[in-house]
Each structure stands twice: as structure tokens, then as C-alpha cells.
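Asker: Residues per chain are reported as follows:
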Amino acid sequence: KAGVTQTPRYLIKTRGQQVTLSCSPISGHRSVSWYQQTPGQGLQFLFEYFSETQRNKGNFPGRFSGRQFSNSRSEMNVSTLELGDSALYLCASRTGPVQETQYFGPGTRLLVL
Amino acid sequence: AQKVTQAQTEISVVEKEDVTLDCVYETRDTTYYLFWYKQPPSGELVFLIRRNSFDEQNEISGRYSWNFQKSTSSFNFTITASQVVDSAVYFCALSEGTSGTYKYIFGTGTRLKVLA
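Those protein sequence lines, which keep their order, are chains A and B.
Residue 1430 is where the first sequence starts when you use this note's numbering, and the numbers rise one by one after that.
Residue 957 is where the second sequence starts when you use this note's numbering, and the numbers rise one by one after that.
Honestly, the hints are just simulated from the structure, not real lab data.
Where a beta carbon is used, it is the ideal one built from N, C-alpha and C, also for glycine.
Mixed in with the good hints there might be a few duds.
Heads up, simulated DSBU-like pairs for lysine-lysine below, C-alpha to C-alpha not over 30 Å straight-line [what the hints assert, rightly or not]:
#1 Lys1026(B) x Lys1059(B)
#2 Lys1026(B) x Lys994(B)
#3 Lys994(B) x Lys1069(B)
#4 Lys1430(A) x Lys1486(A)
#5 Lys972(B) x Lys1069(B)
#6 Lys1486(A) x Lys1442(A)
#7 Lys959(B) x Lys1026(B)
#8 Lys959(B) x Lys1059(B)
#9 Lys994(B) x Lys959(B)
#10 Lys1026(B) x Lys1430(A)
#11 Lys972(B) x Lys1486(A)
#12 Lys1442(A) x Lys994(B)
#13 Lys994(B) x Lys972(B)
#14 Lys1442(A) x Lys972(B)
#15 Lys1486(A) x Lys959(B)
#16 Lys1069(B) x Lys959(B)
#17 Lys1059(B) x Lys972(B)
#18 Lys1430(A) x Lys1059(B)
#19 Lys1026(B) x Lys1069(B)
#20 Lys1069(B) x Lys1486(A)
Derived contacts from chain B toward chain A, CB cut-off under 8 Å, selection only [said to hold, decoys possible]:
#21 Asp978
#22 Phe991
#23 Lys994
#24 Gly999
#25 Phe1003
#26 Arg1006
#27 Phe1010
#28 Tyr1020
#29 Phe1024
#30 Gln1025
#31 Gly1065
One chain only, chain A, in its complex shape:
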């Protein structure tokens, strides 16, 4: 089975721009979670989607949003980028939003200048 894939792998944007990141889960997995990883804050949960519905949300401003499509692929969007949004964004998938193990993708490294 193919693993979780994320595109793009690297991205450079400037302050004020917006960005969309994409995540394709493992086949058969219907739950997708997003995390932000920075040296200062570590791994922080952004949100989780299951069957196209947001099931859980972390403590991030409304500039961070996401969605999930009927094929379980997910996108996250960050509007009005700030320098502090520079991070590794990780996507993880699992079969459902319960106790199954999450499997992570390679991440998207976003640099905001």
C-alpha cells in the first residue's frame, strides 16, 4: 500500500500571501489530521477530518482552515501568511477518528519570507 503523500514538499511564500497544502491518505483511511511542527512549539494539532467533516480542532486562528473531499483527500489553507507560519506541516491518516494508529506523510516545509 502506498503511504501518505503530501504536496508540495517545499514551499516559499511571502507575508500576506495564502497557501494551500494537499494530503492524500493511505487507501482505505478516511480520517486525516494535520499538524504544525516548529522548533519552538513542537508538534501541534491543527484539525482532523473524517468523512468530509471536521471532527476536532486545535488552538489555531481562523486563518488556518481545511477541508476533506469525498475521496478522503484533504487540503489545508493558510491565509494572510505570517512569518511565524514557517513550519513543517504534517498530515496523518488513519482508518477512523478513534484509537487506530496514525500514519504520517513526509510533510510540507513552508517558509514565509
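Place chain B on chain A using the hints.
Answerer: For chain B alone, coordinates are given in the frame of chain A:
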């Protein structure tokens, strides 16, 4: 509140030494899951192990072993005869269902450097 503490920020060992990574967790739930992930320089988190709160048996997988002790709320990870390829950041995570779905809470990670 749920919390995971990895007090060791960075550990350096010489190849073939044994090393133990500590993980202490806090939760009010009786049903929860604990995980260890490895993050090599490439960035992807690689799943290593999952334990549920009802299974306190220790686990051994090759050079890796895990010690789960509910009495001390700890889930420690030992690498025997470490190798350079073990160099990575290791994360411990807790998942519990107080919110209705099982959100993961990660520790801050322990950076392991294995020197040749």
C-alpha cells in the same frame, strides 16, 4: 488534562551503547493509547509502537523494547546496541477519547545522536 513529558531534550551515545528514552504521561481516562514515533532528518514521523492502557506487557522488537508502567505513568523506550541509523528525534504520544474522538498529544521529543 492530558500531557506528555519527555524530559530528555537530547541524548548522545556512542555506537553499541544501550539508551533509554523516557516518557511520562498524564491522563484522567482509564482507556488510552500510547505511541512512539521516530522522526529522521527527512521529517516524516515513522510509527514504532502502540500500547493500550489495558496491556502492561513489555514489548521487544529486535533491538527495541518498551516498558509500560501504569503505576508511574511511564512508557519508556530502550534501544539496545544503538547504531548510527538510530539517530533521530523520538516522540512519545498519548491518545485518549475524552473529547469523543481520539486526539493525539505529543511530547516535545528527544533528539538521539548515536556517534560512530
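Asker: Give a verdict on every hint.
Answerer: Status of each hint after checking the structure:
{"no.": "1", "hint": "Lys1026(B) x Lys1059(B)", "result": "holds (20 Å)"}
{"no.": "2", "hint": "Lys1026(B) x Lys994(B)", "result": "holds (23 Å)"}
{"no.": "3", "hint": "Lys994(B) x Lys1069(B)", "result": "holds (13 Å)"}
{"no.": "4", "hint": "Lys1430(A) x Lys1486(A)", "result": "holds (28 Å)"}
{"no.": "5", "hint": "Lys972(B) x Lys1069(B)", "result": "holds (12 Å)"}
{"no.": "6", "hint": "Lys1486(A) x Lys1442(A)", "result": "holds (25 Å)"}
{"no.": "7", "hint": "Lys959(B) x Lys1026(B)", "result": "holds (15 Å)"}
{"no.": "8", "hint": "Lys959(B) x Lys1059(B)", "result": "holds (12 Å)"}
{"no.": "9", "hint": "Lys994(B) x Lys959(B)", "result": "holds (19 Å)"}
{"no.": "10", "hint": "Lys1026(B) x Lys1430(A)", "result": "violated (35 Å)"}
{"no.": "11", "hint": "Lys972(B) x Lys1486(A)", "result": "violated (43 Å)"}
{"no.": "12", "hint": "Lys1442(A) x Lys994(B)", "result": "holds (29 Å)"}
{"no.": "13", "hint": "Lys994(B) x Lys972(B)", "result": "holds (19 Å)"}
{"no.": "14", "hint": "Lys1442(A) x Lys972(B)", "result": "violated (44 Å)"}
{"no.": "15", "hint": "Lys1486(A) x Lys959(B)", "result": "holds (17 Å)"}
{"no.": "16", "hint": "Lys1069(B) x Lys959(B)", "result": "holds (25 Å)"}
{"no.": "17", "hint": "Lys1059(B) x Lys972(B)", "result": "violated (36 Å)"}
{"no.": "18", "hint": "Lys1430(A) x Lys1059(B)", "result": "holds (25 Å)"}
{"no.": "19", "hint": "Lys1026(B) x Lys1069(B)", "result": "holds (29 Å)"}
{"no.": "20", "hint": "Lys1069(B) x Lys1486(A)", "result": "violated (34 Å)"}
{"no.": "21", "hint": "Asp978", "result": "violated (16 Å)"}
{"no.": "22", "hint": "Phe991", "result": "holds (7 Å)"}
{"no.": "23", "hint": "Lys994", "result": "violated (11 Å)"}
{"no.": "24", "hint": "Gly999", "result": "holds (4 Å)"}
{"no.": "25", "hint": "Phe1003", "result": "holds (6 Å)"}
{"no.": "26", "hint": "Arg1006", "result": "holds (5 Å)"}
{"no.": "27", "hint": "Phe1010", "result": "violated (12 Å)"}
{"no.": "28", "hint": "Tyr1020", "result": "violated (16 Å)"}
{"no.": "29", "hint": "Phe1024", "result": "violated (16 Å)"}
{"no.": "30", "hint": "Gln1025", "result": "violated (20 Å)"}
{"no.": "31", "hint": "Gly1065", "result": "holds (7 Å)"}
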